[in-house]
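Protein chains: 2
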Amino acid sequence: MQLPKGFKAAALAAQIKPSGKPDLCVVVSEKPCVWAFAGTLSTAAAPSVTRNRDLYASSVPVRALLVNAGNANAATGRGGFADNAEMAARAALELEIKATEVLTASTGIIGHRLPMQKVHKGIAALEGHFSTDFTAFSEAIMTTDLVPKRSEKVFSSGARMVGCAKGSGMIHPNMATMFAFVFSDAKVDEILLRSHFQGIVNRTFNAVTVDGDTSTSDQAMVLSSGEIETSAAEFLAALEDVMRDLAKMIARDGEGASKLLTVHVTGAASESEALETARTIAGSPLLKSAVYGNDPNWGRVIMAVGRSYTQVNYELLEVSVQGVRVFKGAPLEYDAKIVSSAMKSDEVVFEVNLGVGQARGTAWGCDLTEGYVKINAEYTT
Amino acid sequence: MQLPKGFKAAALAAQIKPSGKPDLCVVVSEKPCVWAFAGTLSTAAAPSVTRNRDLYASSVPVRALLVNAGNANAATGRGGFADNAEMAARAALELEIKATEVLTASTGIIGHRLPMQKVHKGIAALEGHFSTDFTAFSEAIMTTDLVPKRSEKVFSSGARMVGCAKGSGMIHPNMATMFAFVFSDAKVDEILLRSHFQGIVNRTFNAVTVDGDTSTSDQAMVLSSGEIETSAAEFLAALEDVMRDLAKMIARDGEGASKLLTVHVTGAASESEALETARTIAGSPLLKSAVYGNDPNWGRVIMAVGRSYTQVNYELLEVSVQGVRVFKGAPLEYDAKIVSSAMKSDEVVFEVNLGVGQARGTAWGCDLTEGYVKINAEYTT
Numbered sequence: 001m002q003l004p005k006g007f008k009a010a011a012l013a014a015q016i017k018p019s020g021k022p023d024l025c026v027v028v029s030e031k032p033c034v035w036a037f038a039g040t041l042s043t044a045a046a047p048s049v050t051r052n053r054d055l056y057a058s059s060v061p062v063r064a065l066l067v068n069a070g071n072a073n074a075a076t077g078r079g080g081f082a083d084n085a086e087m088a089a090r091a092a093l094e095l096e097i098k099a100t101e102v103l104t105a106s107t108g109i110i111g112h113r114l115p116m117q118k119v120h121k122g123i124a125a126l127e128g129h130f131s132t133d134f135t136a137f138s139e140a141i142m143t144t145d146l147v148p149k150r151s152e153k154v155f156s157s158g159a160r161m162v163g164c165a166k167g168s169g170m171i172h173p174n175m176a177t178m179f180a181f182v183f184s185d186a187k188v189d190e191i192l193l194r195s196h197f198q199g200i201v202n203r204t205f206n207a208v209t210v211d212g213d214t215s216t217s218d219q220a221m222v223l224s225s226g227e228i229e230t231s232a233a234e235f236l237a238a239l240e241d242v243m244r245d246l247a248k249m250i251a252r253d254g255e256g257a258s259k260l261l262t263v264h265v266t267g268a269a270s271e272s273e274a275l276e277t278a279r280t281i282a283g284s285p286l287l288k289s290a291v292y293g294n295d296p297n298w299g300r301v302i303m304a305v306g307r308s309y310t311q312v313n314y315e316l317l318e319v320s321v322q323g324v325r326v327f328k329g330a331p332l333e334y335d336a337k338i339v340s341s342a343m344k345s346d347e348v349v350f351e352v353n354l355g356v357g358q359a360r361g362t363a364w365g366c367d368l369t370e371g372y373v374k375i376n377a378e379y380t381t
Numbered sequence: 001m002q003l004p005k006g007f008k009a010a011a012l013a014a015q016i017k018p019s020g021k022p023d024l025c026v027v028v029s030e031k032p033c034v035w036a037f038a039g040t041l042s043t044a045a046a047p048s049v050t051r052n053r054d055l056y057a058s059s060v061p062v063r064a065l066l067v068n069a070g071n072a073n074a075a076t077g078r079g080g081f082a083d084n085a086e087m088a089a090r091a092a093l094e095l096e097i098k099a100t101e102v103l104t105a106s107t108g109i110i111g112h113r114l115p116m117q118k119v120h121k122g123i124a125a126l127e128g129h130f131s132t133d134f135t136a137f138s139e140a141i142m143t144t145d146l147v148p149k150r151s152e153k154v155f156s157s158g159a160r161m162v163g164c165a166k167g168s169g170m171i172h173p174n175m176a177t178m179f180a181f182v183f184s185d186a187k188v189d190e191i192l193l194r195s196h197f198q199g200i201v202n203r204t205f206n207a208v209t210v211d212g213d214t215s216t217s218d219q220a221m222v223l224s225s226g227e228i229e230t231s232a233a234e235f236l237a238a239l240e241d242v243m244r245d246l247a248k249m250i251a252r253d254g255e256g257a258s259k260l261l262t263v264h265v266t267g268a269a270s271e272s273e274a275l276e277t278a279r280t281i282a283g284s285p286l287l288k289s290a291v292y293g294n295d296p297n298w299g300r301v302i303m304a305v306g307r308s309y310t311q312v313n314y315e316l317l318e319v320s321v322q323g324v325r326v327f328k329g330a331p332l333e334y335d336a337k338i339v340s341s342a343m344k345s346d347e348v349v350f351e352v353n354l355g356v357g358q359a360r361g362t363a364w365g366c367d368l369t370e371g372y373v374k375i376n377a378e379y380t381t
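Just so you know, the sequences run in chain order A and B.
When you line the first sequence up against the numbering used here, it's residues 1 to 381, in that order.
When you line the second sequence up against the numbering used here, it's residues 1 to 381, in that order.
Bound conformation, chain A alone (with noise of 0.2 angstroms):
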């Protein structure tokens, strides 16, 4: 996959992943790029997250994302915070711009000093490594994920826009253990875009749940250097598929799962309140493991409902999953047996209607598998 006109990237093994695999990469862009951003809620957030944050927050341009893999620089006190600073600043100067022009991003294990000459020697490496491709790039910033994770539009302009992520585990609204980096040449303006960024963050990557849990490392932004006029609308919509394909591939690439849950809920009182209900639904433990099991087990679906504290109306609540309506107000009768067998597919789709309102929403998550655990029991510190 190639990067827009005027990005390029690269990518290299600084030895801090204990794997020996690239775990240090960059994109640059020529020109200086409007941007948007949204990171972990996390009070325990990294170094990286709360430096992007006061630099978006401070509206400066930017033209350079430095992301390690293999060291979450995270609880790792007011060094780490230094340590953070040093990287943007050696970047900036092997890059010959400015450490303000310079976002960065770090995920790995948690409270661990980063390895800072391994950091500096890599970083003084990258110039040999450059290339108009993003391939590179989306494998450098994996941790547990098994698959890369990149979606890609094309602007009846010609404008392009590239989109990669990470994350497979600690994947909970709010964000997650996750990067998701959009890179676009198509003009947009920066209001309209911030303005729309968090919306498009909460139906899209904020509406994934793996296993519940937030980590301190999220990070979701999009980069665009301008070159090109496009519409406005043009533009969001892109971005909103682009990181709604993304969410899904996060989603499905959870720590051990064999399926992706997709949760519709309609019906509800406001747009919130659906995809909090939505999240709940697709976060239950007991749920994934049914859906794991090819159990039509919806008992579990109300029992999430109500556990989410929203709206509700009893009377008119539906439930279907693969499409069979298992509840209408009461429970219905249904063939147990067919519906286990559609189970046994790579998605397993719920749709749930309130019976309240007219707002609806999506969110997408897992089963939960012996692998999940597997994983994170033998994930050494």
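Please note that the accuracy of each hint is not assured.
One copy or two, it doesn't matter: identical chains are merged, so the pair holds either way.
Below, a list of computed lysine-lysine pairs in the DSS-like style, where the Cα atoms sit at most 27 angstroms apart [said to hold, decoys possible]:
#1 LYS118 with LYS328
#2 LYS337 with LYS118
#3 LYS374 with LYS337
#4 LYS118 with LYS8
#5 LYS374 with LYS153
#6 LYS374 with LYS344
#7 LYS187 with LYS337
#8 LYS374 with LYS248
#9 LYS337 with LYS17
#10 LYS17 with LYS328
Hints were generated in silico from the structure; no laboratory data involved.
Computed from a predicted structure; not experimentally measured.
On the provided structure of chain A, position chain B as indicated by the hints.
Leaving out everything else, chain B in the frame of chain A:
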């Protein structure tokens, strides 16, 4: 274990559970009891919960508690409410007391109407099974529990208090797929009891988390026949001890659990923030998996602190695992092998000082194992 003076119990197999194990039981008091009650906060609360809540609001004395396991009578529409009322009325008829003196509780599969013929037949047959022993009752309320959960206190006056609980999955604040029933012949002032009960529930059952799911059926209650004079302080202390014992038994018997996870939080701004933080830590799937794997991955503790959104001073934050301090404002040097060995225990204790205030709180959970997934993928509808 014997019931307090003036109480008797009966249990039998009414064939509600497919296994044919005992599933219908009752405790009856000779005298009207003062009582206190807490039920699930789920908006999908089962008919037995809403009926008990209504009775509690009207402050009527009660004399009996009828429980069935194997069917939660939840999400059963209007018919389910009628079935529950009928169950209480039938029991009252058999016991020759008023229907408003009979509390009910149902647990098991959600979304199936109660087999009322079996229930009626069972209620009629209870008469032949009464004794002063508590054992059969405490076993008949079980569903996926591996062990019965009972606790007992003897007062200086000779009065006694016995309690039993059930629950091992769908266990999360607030309350869970859990019942806790406490009976005593010690005298207690009803207004005093009611005013303290929710606080005790908060520090005991609401501090237990197994999987983050909150059920439709949860109930905790205490009934006191008031036969024997006792000091109020002694009564309340005994009640908290019994309820804490039962709460820890529920955590230890969490579905698939191999060990008890105890989280002590100190230095919090308030008791509720301490409890919230402790529960978030004890409920983290990632930390639970690490505990299973004997991995002192304390970064996951900080991740959970961050997503509990309570007040934290990260410069003063302290974390200990099995008594070994691993973080104090920044990561500390420690021997991971020694801590990992210490975690190979049937109880793993984390201590977290938030560095803000003087309040403290404790939560209990369990590790997350392949067993949890297996149980819940296969628990059939």
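Legend entry - Broken hints, by number: 5 and 7
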